[in-house]
Each structure stands twice: as C-alpha cells, then as structure tokens.
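Peer 1: Residues per chain are reported as follows:
4 protein chains.
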Amino acid sequence: MYISETHLRVRYGETDQMGYVYYGNYASYFEVARVESLRQLGMTYKELEEMGVMMPVLENKSKYLSPALYDDNLKIVTTIREKPGVRIRFEYEIYNEAGKKLHQGETLLVFVNKTTGRPCKPPKAFDKVLEPFFQ
Amino acid sequence: MYISETHLRVRYGETDQMGYVYYGNYASYFEVARVESLRQLGMTYKELEEMGVMMPVLENKSKYLSPALYDDNLKIVTTIREKPGVRIRFEYEIYNEAGKKLHQGETLLVFVNKTTGRPCKPPKAFDKVLEPFFQ
Amino acid sequence: MYISETHLRVRYGETDQMGYVYYGNYASYFEVARVESLRQLGMTYKELEEMGVMMPVLENKSKYLSPALYDDNLKIVTTIREKPGVRIRFEYEIYNEAGKKLHQGETLLVFVNKTTGRPCKPPKAFDKVLEPFFQ
Amino acid sequence: MYISETHLRVRYGETDQMGYVYYGNYASYFEVARVESLRQLGMTYKELEEMGVMMPVLENKSKYLSPALYDDNLKIVTTIREKPGVRIRFEYEIYNEAGKKLHQGETLLVFVNKTTGRPCKPPKAFDKVLEPFFQ
Chain A
1 MYISETHLRV RYGETDQMGY VYYGNYASYF EVARVESLRQ LGMTYKELEE
51 MGVMMPVLEN KSKYLSPALY DDNLKIVTTI REKPGVRIRF EYEIYNEAGK
101 KLHQGETLLV FVNKTTGRPC KPPKAFDKVL EPFFQ
Chain B
1 MYISETHLRV RYGETDQMGY VYYGNYASYF EVARVESLRQ LGMTYKELEE
51 MGVMMPVLEN KSKYLSPALY DDNLKIVTTI REKPGVRIRF EYEIYNEAGK
101 KLHQGETLLV FVNKTTGRPC KPPKAFDKVL EPFFQ
Chain C
1 MYISETHLRV RYGETDQMGY VYYGNYASYF EVARVESLRQ LGMTYKELEE
51 MGVMMPVLEN KSKYLSPALY DDNLKIVTTI REKPGVRIRF EYEIYNEAGK
101 KLHQGETLLV FVNKTTGRPC KPPKAFDKVL EPFFQ
Chain D
1 MYISETHLRV RYGETDQMGY VYYGNYASYF EVARVESLRQ LGMTYKELEE
51 MGVMMPVLEN KSKYLSPALY DDNLKIVTTI REKPGVRIRF EYEIYNEAGK
101 KLHQGETLLV FVNKTTGRPC KPPKAFDKVL EPFFQ
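Chains as they are written, first to last, in the working numbering: chain A, 1 to 135; chain B, 1 to 135; chain C, 1 to 135; chain D, 1 to 135.
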C-alpha cells in the first residue's frame, strides 16, 4: 500500500453561487493529488507520458460529505491500495485545516500505449518505484 | 420514470493534451443535462433556488467508455428512475453523433432548505410537474 | 466586416460565490462565439485544424460592464472587422435576455502551420468563405 | 510599488488538445497570484470579503508570448504599481522554470460595498498593510 499527502488551496473560481466548491472541481483536485503522489515517489506523470504511455480514466467516484470552501487549504490523502497492473486505482480523502473530512473518492485509470492505443502494462521504471510498497 | 434529452457541443477548453474531453468536465455536462431536464418539465433550477431550496450533490459517479472529442455534438439522455423525496437521483448516458455510447454516470442530490441549511422535501410545485411520470 | 450571433446558457459551475459568472470564464465564452461564428460561415475550427493549421491566441481583452448571472441566456455578437491575414481579430459583445450589454472583449489569434510551428497565411478555403464580407 | 512572487503548477486539465495551457486559464492563474500577493502582505482576500467588500473585475488583459505547458512550475510576479483607491490594478508576468517569460497581463478591480452594492474605498486595514510600499 502506498499513501501520500498533498495540499491544495481552493481558488475563487472553483466556488459556485452556493458558496461551496463546485461539485465538478473535485476531479481536478484528484488529478493534482495523483500527480503529486507520483512525484513524491520520484516519477512524474509527465515522464510517464514521455515513456510512451497515457493514462485515460475508466471510472471516477465522489462522495460529498461536507462542502469545501473558498481559500480552504485542503489536505488530500491519496492511497494506492493494490499493486497496479494494466489498471491502477487511486483513493482519496480530503480534509480541511480543522481536520474535518470533507470528501472521499476514487479513480480507476488504465495504462495505454500511445503508439498502439491499446491497454498495456505500466513501464518498468514505474513498477520499480512502487515495488517497496507492495511486498 | 422521467427521461429527457439534451445536446451539448464540446468546447476546445474542455479538451486536454490527450486530445480527449478532460475527465473532470463530465460533471459539468451532467449539470447541464439535469438543468435542461428540469427546464423541459417546465421548471428551472433557478426557480427552485428562488423557492428557497438548494441542491448540493451527495454522490457522483462516472464510467468512461470511450472519449468525447473536440466539437462533438453530444446527446445526453437523463433519467429520473425513482420518485424523488428528500434525495433525487439523475442518471445519464452520453452519445456522440454516430450514436456511440461514450459515457454513463449518475448524481445523487439532496434538497436543502436555504434558511435552515437542513435537508427538506422538494417544493410542492416540483412534485407536481414530476407527478405524471411516477404513477 | 463579418458579424454573427450565437447564444449560450450560463452554467452553474461558471458562477462563483459572488453570485456572478466568474471573470475567468468569459474567455471560454469567446471561444464558443468564435467557433460558432466560423460554423455559420460553413467552416469549423475543427476543419481548420484538420487542414494543418492551429490558431493559438496572442492577446485577449475583457471589459466587465455588468455581471452575467446563472442561467442567463446570453447573446454574443461576434465581429471580424478587418480581413484576416496571418493574424485574425475577433471582437465580442455580450448581452443578456433583457438586451443589456454586459461585456465586451476581443481576441487576437495567429494562424500557425502545425508541421513547421511557424505563423502562416490562413488556408485558401478559409479566405474563400470570408471573401464576400471583405470587398 | 508592491511586488510579490508566487508559484503555481500547471494541471493536466488546464491543457487543451494543442498541448498548451488553454488560453482561458490564465485569468484563474492571475487570481491565484493576486490572492497570494495579498496573503504575503498579511491580509487575505477572504478577510476582505468578511470586512464587507467584494472586488469584482472591471478589466482583464492577457498577452500570450509563449505557451505554458503541462506540469510547468510557473513563477508569477505580481505588481501593484499605483496606490489603490476605489480601483486597484494588478500586473502579472509569468515565467517558466527556465526563466523564459511566457505571459503578461493585468487586471483592474473595484472595491464594492457588499451591503450597498456601490463602489467604495478599500478597508482601512487594507490601506495600512499597503502603506509602506507607497510612500
């Protein structure tokens, strides 16, 4: 299991007239969390694309427990629970500064070979950085 | 059961560098579909807010079957399967012009009294427009 | 001079907690207006990209006269005042349903050859559809 | 004159199929820069709203010198050149990690009393934190 944390400040443009973070913006927060989660492993999503794979999303789910608000400094805890194969699942929990859990969600992505457009195994370099967490 | 259809043109800014509609934009498409679904019933979400309720989202789910592309004229089929109470669930299916199903999802929302901030029954006027579809 | 009109409905996610359309969303509205403006000429921006050009933006300007609101059905009047060369300028005026002018802006774009990455003349087919308006 | 710096990482969802940051996302970057600029002064935009003012935008301008790319860690230099009165102007310059200037822009905002809806002077507390920079 691999767990990481990242922080993200809510932008004004991400709120809506209800005064909450618009429900459609959490997927973008998940993306930031995934990308920073990989960066902390020593590998960027950008590098993965440069190795010839892309990672389109297959499924995405959100539970809205309590609204995030403008200027909140959110903590996002990202978990990869199972060793990734052709598919990789990220789970997220989002907390505000008071430690209140606001949101949880998950995203299922698939590795795709950019040349063939077909699902593929993750690059070896990716397996290697994750290996210590799945023994 | 209430079923409606709406159309929506993919904007350039909604694509990402993969050349697909960014996965985080479907929630916004769902919102357009919900709102147009209500408008076709003769009631706008704006009017609902003016009646003193708001409708925050509790859950949102997406399955990405095939990517939507720039300038696609998407058809979104929106279904309310069960008579809404304090909660209301919308289901969506998104098709491209060739009739290929690209995406499916659902959103669970709750009626909240704007004054008390507490969950509440939908306004009578809302029940009335939906009544013919749930007999 | 070529003038066209398009309509666009304000989405909930485009508002912010001020209750207005977020100031950053007008550029996206301009994009919709440009694209529909070309479509009315019988040429899509998508086709232009398929002809081997892309059109990155050089400059963008907005004046916020009065806020657009949720669910407003905006009318956008788009004007190409001068015959386009390597560069093309679009001007916009945005009105609400009551006919009140809410916004004006302009965008300067450049034709770029996708292969060379260099500025280029617009495709002949593009000149041809615009020709009747610049004689 | 007050100058500050902030950093911002380009999100995947902010790119478009040209492979660049979508031109409409710079206004959101400007917002982040303004907000962090104020925070460095010891005052948040959130606090300003809590003091009873809001700051709608009157004008916004962008020059796109060179595209920002996915995962770029942008540096935004924000300048308030003139002592703010009822209006306040922010200027921005955006650089990539190699130090290349990619973008410049400016935003003109107005202080508005939330109760009356009318333009007003900035709160005293705001004048005070800016005072040292405009003597």
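If you are wondering where the hints come from, they were derived from the structure by calculation, not from laboratory data.
Given the structure is predicted, the values throughout are model-derived calculations rather than measurements.
One or more hints might be untrue.
[To be verified] In silico DSBU-like pairs for lysine-lysine, Cα to Cα no more than 35 Å straight-line: (1) B:Lys75 / C:Lys75; (2) B:Lys63 / A:Lys63; (3) C:Lys46 / C:Lys114; (4) A:Lys46 / D:Lys121; (5) C:Lys83 / D:Lys100; (6) A:Lys114 / B:Lys63; (7) D:Lys114 / D:Lys83; (8) A:Lys100 / A:Lys114; (9) B:Lys124 / D:Lys61; (10) D:Lys100 / B:Lys114; (11) D:Lys124 / A:Lys114; (12) A:Lys100 / B:Lys75; (13) B:Lys101 / B:Lys61; (14) B:Lys46 / D:Lys121; (15) C:Lys63 / C:Lys114; (16) D:Lys101 / C:Lys46; (17) B:Lys100 / A:Lys128; (18) D:Lys114 / B:Lys121; (19) A:Lys63 / B:Lys101; (20) D:Lys100 / D:Lys61; (21) B:Lys75 / B:Lys128; (22) C:Lys101 / C:Lys128; (23) B:Lys75 / C:Lys101; (24) A:Lys101 / B:Lys114; (25) D:Lys75 / C:Lys61; (26) D:Lys61 / D:Lys101; (27) A:Lys121 / A:Lys61; (28) A:Lys61 / B:Lys83; (29) A:Lys61 / B:Lys100; (30) B:Lys128 / A:Lys46; (31) B:Lys100 / A:Lys101; (32) B:Lys63 / A:Lys101; (33) C:Lys100 / D:Lys114; (34) C:Lys46 / A:Lys121; (35) A:Lys128 / A:Lys75; (36) A:Lys114 / D:Lys121; (37) C:Lys46 / B:Lys75.
Peer 1: Hints first: check each against the structure and report whether it holds.
Peer 2: Evaluation of the provided hints:
1. Of the pairs offered as hints, the one joining Lys75 (chain B) and Lys75 (chain C) holds, with about 23 Å between alpha carbons and a cut-off of 35 Å not exceeded.
2. At most 35 Å may separate the alpha-carbon atoms for a hinted pair to count; Lys63 (chain B) and Lys63 (chain A) meet this at roughly 15 Å.
3. Between Lys46 (chain C) and Lys114 (chain C) the alpha-carbon distance is near 13 Å, which keeps this suggested pair within the 35 Å criterion.
4. With a C-alpha separation of about 46 Å, the suggested pair Lys46 (chain A) and Lys121 (chain D) falls outside the 35 Å cut-off, and the hint is violated.
5. Restraint check: the Cα-Cα separation between Lys83 (chain C) and Lys100 (chain D) comes to about 33 Å, which is no more than 35 Å; the hinted pair holds.
6. Between Lys114 (chain A) and Lys63 (chain B) the CA atoms are separated by roughly 21 Å; this keeps the pair inside 35 Å, and the hint holds.
7. This hinted pair checks out: Lys114 (chain D) and Lys83 (chain D) have alpha carbons roughly 22 Å apart, not beyond 35 Å.
8. As the CA atoms of Lys100 (chain A) and Lys114 (chain A) are separated by approximately 40 Å, the hinted pair breaks the 35 Å bound.
9. Taking the CA atoms of Lys124 (chain B) and Lys61 (chain D), the gap is near 47 Å; set against the 35 Å cutoff, the hint is violated.
10. Among the hinted pairs, Lys100 (chain D) with Lys114 (chain B) is inconsistent with the structure: their alpha-carbon atoms are about 49 Å apart, more than 35 Å.
11. Taking the CA atoms of Lys124 (chain D) and Lys114 (chain A), the gap is about 57 Å. The hint is violated against a cut of 35 Å.
12. Distance hint between Lys100 (chain A) and Lys75 (chain B) is unfulfilled; the C-alpha atoms sit about 39 Å from each other, more than 35 Å.
13. Pair hint Lys101 (chain B) plus Lys61 (chain B) holds up; C-alpha atoms about 16 Å apart against a cutoff of 35 Å.
14. With a CA separation close to 33 Å, the supplied pair Lys46 (chain B) and Lys121 (chain D) stays within the 35 Å bound.
15. Between the alpha carbons of Lys63 (chain C) and Lys114 (chain C) the distance comes to roughly 32 Å, so the proposed pair stays at or under 35 Å and holds.
16. Restraint check for Lys101 (chain D) and Lys46 (chain C): satisfied, since their Cα atoms lie roughly 30 Å apart, inside the 35 Å limit.
17. Restraint check: the Cα-Cα separation between Lys100 (chain B) and Lys128 (chain A) comes to about 38 Å, which exceeds 35 Å; the hinted pair is violated.
18. For the proposed pair Lys114 (chain D) and Lys121 (chain B), the alpha carbon gap of about 32 Å is at most 35 Å, so the pair holds.
19. Of the supplied pair hints, the one linking Lys63 (chain A) and Lys101 (chain B) holds, its CA atoms being roughly 25 Å apart against a limit of 35 Å.
20. Taking the CA atoms of Lys100 (chain D) and Lys61 (chain D), the gap is about 20 Å. The hint holds against a cut of 35 Å.
21. Straight-line distance between C-alpha atoms of Lys75 (chain B) and Lys128 (chain B) comes to about 27 Å, which keeps the hinted pair within the 35 Å bound.
22. Proximity of Lys101 (chain C) to Lys128 (chain C) is assessed by CA-CA distance (about 32 Å); at most 35 Å being required, the pair is judged to hold.
23. Restraint check: the Cα-Cα separation between Lys75 (chain B) and Lys101 (chain C) comes to about 31 Å, which is no more than 35 Å; the hinted pair holds.
24. A hinted pair counts as satisfied when its Cα atoms are at most 35 Å apart, and Lys101 (chain A) with Lys114 (chain B) qualifies at roughly 23 Å.
25. With a C-alpha separation of about 22 Å, the suggested pair Lys75 (chain D) and Lys61 (chain C) falls inside the 35 Å cut-off, and the hint holds.
26. With a CA separation close to 16 Å, the supplied pair Lys61 (chain D) and Lys101 (chain D) stays within the 35 Å bound.
27. A distance of roughly 24 Å separates the Cα atoms of Lys121 (chain A) and Lys61 (chain A); the hinted pair therefore holds under the 35 Å criterion.
28. Restraint check: the Cα-Cα separation between Lys61 (chain A) and Lys83 (chain B) comes to about 23 Å, which is no more than 35 Å; the hinted pair holds.
29. Restraint check: the Cα-Cα separation between Lys61 (chain A) and Lys100 (chain B) comes to about 23 Å, which is no more than 35 Å; the hinted pair holds.
30. Between Lys128 (chain B) and Lys46 (chain A) the CA atoms are separated by roughly 52 Å; this puts the pair beyond 35 Å, and the hint is violated.
31. Restraint check for Lys100 (chain B) and Lys101 (chain A): not satisfied, since their Cα atoms lie roughly 39 Å apart, outside the 35 Å limit.
32. Between Lys63 (chain B) and Lys101 (chain A), the direct Cα distance comes to roughly 25 Å. Compliance with the 35 Å bound is thereby established for this hinted pair.
33. Distance restraint check for Lys100 (chain C) and Lys114 (chain D): the Cα-Cα separation of roughly 22 Å lies within the 35 Å cut-off, and the hinted pair is therefore satisfied.
34. Restraint check: the Cα-Cα separation between Lys46 (chain C) and Lys121 (chain A) comes to about 33 Å, which is no more than 35 Å; the hinted pair holds.
35. The straight-line distance between the Cα atoms of Lys128 (chain A) and Lys75 (chain A) is roughly 27 Å, inside the 35 Å bound, and the hint therefore holds.
36. At most 35 Å may separate the alpha-carbon atoms for a hinted pair to count; Lys114 (chain A) and Lys121 (chain D) exceed this at roughly 56 Å.
37. Distance hint between Lys46 (chain C) and Lys75 (chain B) is fulfilled; the C-alpha atoms sit about 19 Å from each other, no more than 35 Å.
Violated hints, listed in ascending order, are 4, 8, 9, 10, 11, 12, 17, 30, 31 and 36; each of the other numbered hints is respected by the structure.
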